[in-house]
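Q: Top to bottom, those sequences are chains A, B and C.
All residue numbers for the first sequence refer to the numbering used here, where the first residue is 1 and numbers rise by one.
All residue numbers for the second sequence refer to the numbering used here, where the first residue is 1 and numbers rise by one.
All residue numbers for the third sequence refer to the numbering used here, where the first residue is 1 and numbers rise by one.
Derived by calculation from the structure, the hints in this document are not laboratory data.
Do not take every clue at face value.
Unchecked claim - In silico SDA-like pairs for lysine to any residue, Cα to Cα no more than 20 Å straight-line: (1) A:K193 with A:E149; (2) A:K45 with C:H292; (3) B:K193 with C:R11; (4) C:K262 with C:E296; (5) B:K262 with C:P308; (6) A:K262 with C:E187; (7) A:K334 with C:P308; (8) C:K193 with A:P93; (9) A:K262 with A:A204; (10) B:K262 with B:D205; (11) C:K193 with A:K193; (12) C:K193 with A:E149; (13) C:K45 with C:A32; (14) B:K45 with B:E66; (15) A:K262 with A:G298; (16) B:K334 with A:H90; (17) B:K262 with B:H275; (18) B:K334 with B:R324.
None of the values given here were measured: they were computed from a predicted structure.
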Amino acid sequence: MSVSLGELAVRFGCELRGDPELRVRHVATLAAAGPEALAFLANPKYRPLLAQSRAGAVVLAAADAEGVARPVLIASNPYAAYARMAAVLHAPPALPPGVHPTAWVDPLAQVADSAHVAAHVSIGAGARIGARAAIGPGCVLEAGVEIAEDVQLVARVVVCRGVRIGARTVVQPGAVIGGDGFGYAPERGAWVKVPQVGSVAIGADVEIGANTTIDRGAIEDTVIEDGVKLDNQIQIGHNVRIGAHSALAACVGVSGSTTIGKRCQIGGAVGIVGHLSICDDVAVTGLSMVSHSINEPGVYSSGLPAIPAAEWRRAVARLHRLDRMAGQVAALGKQLNRTQDD
Amino acid sequence: MSVSLGELAVRFGCELRGDPELRVRHVATLAAAGPEALAFLANPKYRPLLAQSRAGAVVLAAADAEGVARPVLIASNPYAAYARMAAVLHAPPALPPGVHPTAWVDPLAQVADSAHVAAHVSIGAGARIGARAAIGPGCVLEAGVEIAEDVQLVARVVVCRGVRIGARTVVQPGAVIGGDGFGYAPERGAWVKVPQVGSVAIGADVEIGANTTIDRGAIEDTVIEDGVKLDNQIQIGHNVRIGAHSALAACVGVSGSTTIGKRCQIGGAVGIVGHLSICDDVAVTGLSMVSHSINEPGVYSSGLPAIPAAEWRRAVARLHRLDRMAGQVAALGKQLNRTQDD
Amino acid sequence: MSVSLGELAVRFGCELRGDPELRVRHVATLAAAGPEALAFLANPKYRPLLAQSRAGAVVLAAADAEGVARPVLIASNPYAAYARMAAVLHAPPALPPGVHPTAWVDPLAQVADSAHVAAHVSIGAGARIGARAAIGPGCVLEAGVEIAEDVQLVARVVVCRGVRIGARTVVQPGAVIGGDGFGYAPERGAWVKVPQVGSVAIGADVEIGANTTIDRGAIEDTVIEDGVKLDNQIQIGHNVRIGAHSALAACVGVSGSTTIGKRCQIGGAVGIVGHLSICDDVAVTGLSMVSHSINEPGVYSSGLPAIPAAEWRRAVARLHRLDRMAGQVAALGKQLNRTQDD
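All chains, full assembly: derive it from the sequences and hints.
A: Here's what the structure looks like:
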């Protein structure tokens with residue numbers, strides 16, 4: 001579809017410098033944009049691209065608008081404004097309400113008339129699917145799940161028995177929500193499975209990435225609060241709680257019974273040990289291990305940057321012998337003091 | 001359902017202190033339990049909760065039973081006893097025998113009359129499904145797979161051609177068992193695929209977590225022995241062997257042809273290099289890298305705890321220059337000895 | 001099936017020492033091979049096995065052929081030659097052309113007559129499936145996807161809207177190609193989703209492992225060039241480009257907008273930060289973190305080998321105090337020089 005710059009300015013509260021009748025049809029990068037494309041500038045690093053850009057219009061901050069030849073839409077938060085405009089220009093096709101003939105819905109399940117249930121979906125007894133929810137191809141919804149209005153399960157998502165998902169939450173393909181937590185009692189060199197009788201409660205406006213797994217609680221529920229964003233291939237253990245609007249990058253693992261505060265940002269492949277508490281507004285950089293509770297907001301790290309392998313091998317050998325080096329340093333100190341006393 | 005304390009005591013060999021006619025209906029934590037709930041105390045850390053608990057009964061060790069006002073079930077291994085009682089109180093609904101109308105079963109496959117085959121399952125030629133096995137919605141069983149009695153494939157599990165799964169093994173949703181191993185022969189800057197003609201043999205009483213992947217062998221089989229517990233998002237390379245009753249936490253990766261002994265415990269996100277041998281009774285703490293064979297039982301580590309980012313950056317800079325510091329220390333020693341000889 | 005040694009020699013350009021009429025029926029290891037098995041020797045480490053082997057024939061290099069009693073097929077690249085012979089001996093059963101009755105194909109999709117579409121597959125409007133492509137059970141192909149000739153999607157693969165996959169590419173079960181990238185604009189303590197309007201372009205002769213995820217681009221495409229090999233459980237962020245014939249081992253994570261060159265080899269569980277550039281012919285060893293661009297071919301590392309936990313704890317304590325030790329060393333130097341000046 002196409003939208004006029006005037007409409008975008010009014011709808012998203014931007015100042016327009018340019019012809020309100022001009023129309024854009026799609027988004028593009030500053031470098032690739034043509035006259036029908038909407039581009040944006042949020043990172044000053046890309047400012048040099050502005051002069052050459054052939055974009056039909058550029059969303060940017062007032063500070064970047066001076067002397068720009070192209071039409072501009074001035075926003076206090078250009079990236080957020082761009083995001084909303086892109087959602088208008090690239091609105092996904094509406095999915096038809098109703099249940100696909102190849103889907104299977106248990107007679108005791110309730111599916112809203114306005115919901116979309118795609119091919120090869122199965123929905124168990126007692127499940128409730130809310131208004132305008134979209135259940136994509138191959139999804140499995142076990143008995144008693146509750147899917148609120150406007151939820152999107154893109155494709156092949158598994159939602160296990162009794163799991164609840166809040167309004168407008170989006171789940172990417174392959175995610176598994178509510179599989180059994182990892183709980184076993186040791187007994188004479190073997191393991192006795194501990195039934196995982198809790199569930200999972202997902203808030204509203206959450207996004208869950210492809211092939212991410214969120215385990216059900218052992219006794220009480222695993223909880224993902226409103227607005228949390230989980231990237232792909234994340235593992236959330238049983239009875240974890242993640243505070244509102246926290247964002248976890250791909251491949252993070254959070255062990256059981258750990259609580260993460262609100263507005264935290266966890267980098268890729270971070271591992272968080274179980275039974276910890278992390279306060280609000282904590283950032284952890286990629287590939288770090290969080291092995292103790294964190295009570296102070298701030299940035300935490302333990303990821304090691306790669307260097308040429310030969311240098312690294314020497315550093316590791318030294319690291320494994322650091323105790324010895326510390327001893328040598330202490331001995332030198334003593335020896336030196338004796339020398340001076342001579 | 002509900003069970004009397006007397007029945008629990010008799011059935012699981014506990015000493016009951018309290019009214020055998022009292023009934024419990026579900027499990028709960030000590031803190032949340034009401035009069036119809038069964039709770040347990042296994043970790044002394046939670047002992048303070050005992051006094052306030054309103055639980056209908058508490059499973060605990062004799063040492064913790066003194067002066068407890070609530071009815072107690074005394075067990076030598078309270079956690080294991082609790083696990084078995086919870087399985088009685090929270091028995092999953094029985095699944096009806098038979099093949100769902102939307103499932104597709106190859107005419108040359110054999111499915112036991114007592115097995116449950118759910119919606120949208122496909123079962124290939126020559127596959128054999130044992131008595132009381134439960135094949136959940138969306139599972140794909142390729143040709144020639146052998147599923148023993150009482151196996152549960154929860155949902156959307158893929159079992160590739162010829163894979164064998166032992167009795168009572170449980171596989172969580174999204175797991176893939178028997179995909180091709182990662183084998184390529186380098187040739188003139190490109191790769192020639194090496195056919196992966198081995199299979200996977202899974203023992204009895206194994207549990208495999210959500211979205212875990214176990215590759216088929218290159219020539220011989222990948223082997224998971226009896227009682228092994230694999231958490232979510234684990235990757236097992238081709239021709240790996242994991243010894244009986246070993247437990248691997250989430251996100252572990254085991255590279256090809258490595259052998260792990262019996263009763264090992266591998267922490268979350270540990271990476272194990274290929275072609276290694278790890279003996280019985282080894283524990284590896286989370287986020288460690290095992291790059292050499294381990295021949296002594298014990299605990300091994302290389303995970304780095306996160307600290308404030310600014311401190312960490314300084315430590316890393318020093319680590320990358322450790323060789324230099326070692327040189328300085330040696331030089332100081334020499335210099336000092338010369339000084340003394342003056 | 002069985003093949004004569006003469007046929008193998010002619011077909012794959014090997015020198016045969018032995019009876020060309022002899023036939024082999026399957027492959028095996030040198031140790032396990034019987035008279036009907038074809039074995040190979042590529043790694044000198046296994047040379048001692050040659051004398052005892054009962055293999056019907058062994059594929060090896062000229063240098064290893066001297067004095068071998070068994071029939072041998074001499075190749076300049078024995079492992080690659082073995083790979084091709086194994087593909088003949090263990091050719092997968094041909095899949096029947098046509099669409100399975102339980103599959104659902106949108107009337108506006110085009111499926112080549114010679115393509116195989118298995119049970120419970122769904123194919124969206126405008127999708128195009130090429131000649132001899134095999135779409136395995138439970139795969140979901142969204143609208144507008146383009147699958148070239150001879151592609152194999154083994155089972156339960158999700159290919160999201162508009163993704164393009166090149167000829168002969170193989171995708172293992174559970175992989176998700178084209179899920180939304182992780183893009184959100186921060187706004188007043190919450191996140192605004194940035195529509196991911198790019199797609200994914202996969203080249204020819206690529207292999208993608210089980211449960212691997214490749215995100216679609218934010219504006220432009222994510223690109224996997226020809227001949228790239230991706231192992232299981234890999235995460236590729238939006239707008240990443242991976243150069244031809246690079247191989248990534250399992251559990252690797254590549255963050256958004258990073259470019260990896262040609263013929264790179266990335267070890268297991270390596271994490272690569274976003275917006276970096278890695279040149280051609282770079283190798284990174286397992287569990288390393290790449291946090292800066294790499295402009296020189298070579299081997300890079302930062303993985304730490306596990307050692308006994310008690311030793312490790314001491315080393316970590318020292319590492320966290322390295323700054324202090326460096327200060328002590330400097331102070332000793334100064335003090336010593338003063339001493340000498342006395």
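Q: Please go over all the hints and tell whether each is borne out by the structure.
A: To see whether the hints hold, each was checked on the structure:
1. A:K193 with A:E149: Answer violated: A:K193 to A:E149 is near 36 Å, above 20 Å.
2. A:K45 with C:H292: Distance ~17 Å between A:K45 and C:H292 Cα, so the pair holds.
3. B:K193 with C:R11: Satisfied, since the Cα-Cα distance of roughly 17 Å is no more than 20 Å.
4. C:K262 with C:E296: holds (13 Å)
5. B:K262 with C:P308: Holds, at about 19 Å.
6. A:K262 with C:E187: holds (15 Å)
7. A:K334 with C:P308: violated (30 Å)
8. C:K193 with A:P93: holds (17 Å)
9. A:K262 with A:A204: Distance ~15 Å between A:K262 and A:A204 Cα, so the pair holds.
10. B:K262 with B:D205: Given that 20 Å is the threshold and the Cα spacing comes to 14 Å, the pair holds.
11. C:K193 with A:K193: violated (40 Å)
12. C:K193 with A:E149: holds (18 Å)
13. C:K45 with C:A32: holds (17 Å)
14. B:K45 with B:E66: holds (16 Å)
15. A:K262 with A:G298: holds (13 Å)
16. B:K334 with A:H90: Given that 20 Å is the threshold and the Cα spacing comes to 72 Å, the pair is violated.
17. B:K262 with B:H275: holds (17 Å)
18. B:K334 with B:R324: Holds, at about 15 Å.
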